[in-house]
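J.: Residue numbers (our numbering), protein chains in the order written: chain Z, -19 to 282; chain U, -19 to 282.
Misleading hints may appear alongside valid ones.
In this list, chains with the same sequence are indistinguishable; a pair is considered to hold if it fits within one copy or across any two.
Here are the simulated lysine-lysine pairs, DSBU-like style, with alpha carbons at most 35 Å apart [claimed, not checked]:
#, residue 1, residue 2
1, Lys85, Lys233
2, Lys266, Lys13
3, Lys266, Lys232
4, Lys233, Lys27
5, Lys266, Lys10
6, Lys247, Lys85
7, Lys10, Lys233
8, Lys(-13), Lys10
9, Lys85, Lys266
10, Lys44, Lys85
It should be emphasised that the hints constitute simulated quantities derived from the structure, not laboratory data.
It should be emphasised that the depicted structure is a prediction, and the values quoted were computed from it without experimental measurement.
There are 2 protein chains.
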Amino acid sequence: MGIRDIKEYINSKRELVNAFLDSYFTPPIKPIKLNDAMVYSLMAGGKRLRPILCIASYEACGGKAEEIVSYASALEFIHTYSLIHDDLPAMDNDDLRRGRLTNHKVYGEGMAILAGDGLLTEAFAILSTTDHCSESGFMPPSSSLLRIINSVAKAAGLHGMVAGQAQDLLSEDLAPEEQTLAFIHSHKTAALIGVSVKMGAMLADAPEEAIIKLTGYGANIGLAFQVVDDVLDLTESTETLGKPSGSDERKKKMTYPSLYGIQESKKRAESLISSALACLEGFDDKAWALRDIAAYMLNRKN
Amino acid sequence: MGIRDIKEYINSKRELVNAFLDSYFTPPIKPIKLNDAMVYSLMAGGKRLRPILCIASYEACGGKAEEIVSYASALEFIHTYSLIHDDLPAMDNDDLRRGRLTNHKVYGEGMAILAGDGLLTEAFAILSTTDHCSESGFMPPSSSLLRIINSVAKAAGLHGMVAGQAQDLLSEDLAPEEQTLAFIHSHKTAALIGVSVKMGAMLADAPEEAIIKLTGYGANIGLAFQVVDDVLDLTESTETLGKPSGSDERKKKMTYPSLYGIQESKKRAESLISSALACLEGFDDKAWALRDIAAYMLNRKN
């Protein structure tokens, strides 16, 4: 069965993704400063959660990780763009991310905006490329790739992340309120994490029923991720987080703990993880990594 | 043969595009402020040059405009996003666009950045949608749409617009220099205009030779457009332009006139238009609009 330790699994898939990302800008694109700004944030030590979830989902459907690393990595382009834009002074105005200066602090606001724009656009170039898998002999059908691009665009854009970030921006300083909080969390973070899992199943050309189940797993785990994130911001140190702890509170962000308290939020995360696991019923042992990632997510510290 | 006046042709195709764009956000997406910010710039009276060129190219290859309005309009989403981001204080810092306040002046910088992000992402959702043409019974092959998405992503991103805008930003205050100027113009403006024409041919599933010729037409006309734009900034009034005239000079932008002078720039634009027309050799009368648009572009005032 190969490696069964989830930490080793995550590390080995992260290596695959990092190798792809690392080689992507070799040779660099012009102008070099734009290239460097993108690489700076792309290679800043991210967890690669979205690509890893995509790969684990693909493997749960019987595929081999190596076949889809490029497509999975496109999700990290989108995630990185969102971090660069979120950190801008006009948005969350953060100076620190993963223990390093944020993109605009190093490259200036204009270049940071363009680095984000470039990463987002290039993600769709990667998802629509049909020849970079020729080494492995694997080639998803054009119709699957089109459906994937459509799902990813919706989850990253107006039916997901961009809408969630806009609502987040509009809700600062407002009293926490259940419906708005649910909208922000499901759109800002859960949508892209959810589509990462769905995408793995679509790349595997899995039966519709399996795609629906894995989409359910993804939606629950995506929401759980954000609830845990909110709690960690209050309970962990700046050092552990790699960004200032307690910053949600200072910025008067609408979060789960601000509405329900820390204990209730933890319970909510646990319940979401249970729901995620329930969606995997009927999947065989090839879904072990998806199962173990769910538990792992609950116990993460940053 | 229908309408043969190019102004009427442009107006009628613009109406088609405007009708699609106008209905796109009905019902509006949430949050409503994000919706309004996008609509504000999308419906600000743009020329719709890119969608019209796409449609004219599609018609030159034997298609009917109505079949591809949605795909063509996606180009206007991308163009509008680029204007919103370019106008930001960290970029060109413009207060006025098409005679109205720029997006961030009305909605704030954070919302303007998100409106741009949302429009860009939604463009790829539109290009990957396969069911909105069912009314006309037209449906491009999945493989064509994938190729189109790939070409558009490259032209809008790191092999085109984003790279050009980054170089433009880096070149302010520098002495004009031939190679850099050529890079900026071919990437910042010409790439997206060029791919608009190419896309029309690809939607029509035209023979590779026709796609290559129309790509050549697009590249030349795209470059001509930017050279004319540089000249107009110096020779037309703020009122005619809908934005402050002479602003390139004030911002010390690297432009054609700054390097070659106005007269030489006009000659260069004429020569590019001739090259564009030469690419249409072998096309029959269905390419009349593409031919007339080339001449029209040379004589535009804004």
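J.: Now, for every hint given, state plainly whether the structure supports it.
T.: The hints, checked one at a time:
{"no.": "1", "hint": "Lys85 with Lys233", "in the structure": "both (22 Å within a copy, 24 Å between copies)"}
{"no.": "2", "hint": "Lys266 with Lys13", "in the structure": "neither (43 Å within a copy, 44 Å between copies)"}
{"no.": "3", "hint": "Lys266 with Lys232", "in the structure": "neither (42 Å within a copy, 60 Å between copies)"}
{"no.": "4", "hint": "Lys233 with Lys27", "in the structure": "within (24 Å within a copy, 40 Å between copies)"}
{"no.": "5", "hint": "Lys266 with Lys10", "in the structure": "neither (42 Å within a copy, 38 Å between copies)"}
{"no.": "6", "hint": "Lys247 with Lys85", "in the structure": "neither (37 Å within a copy, 43 Å between copies)"}
{"no.": "7", "hint": "Lys10 with Lys233", "in the structure": "between (38 Å within a copy, 19 Å between copies)"}
{"no.": "8", "hint": "Lys(-13) with Lys10", "in the structure": "neither (37 Å within a copy, 39 Å between copies)"}
{"no.": "9", "hint": "Lys85 with Lys266", "in the structure": "neither (43 Å within a copy, 53 Å between copies)"}
{"no.": "10", "hint": "Lys44 with Lys85", "in the structure": "neither (39 Å within a copy, 50 Å between copies)"}
The structure shown violates the earlier hints numbered 2, 3, 5, 6, 8, 9, 10.
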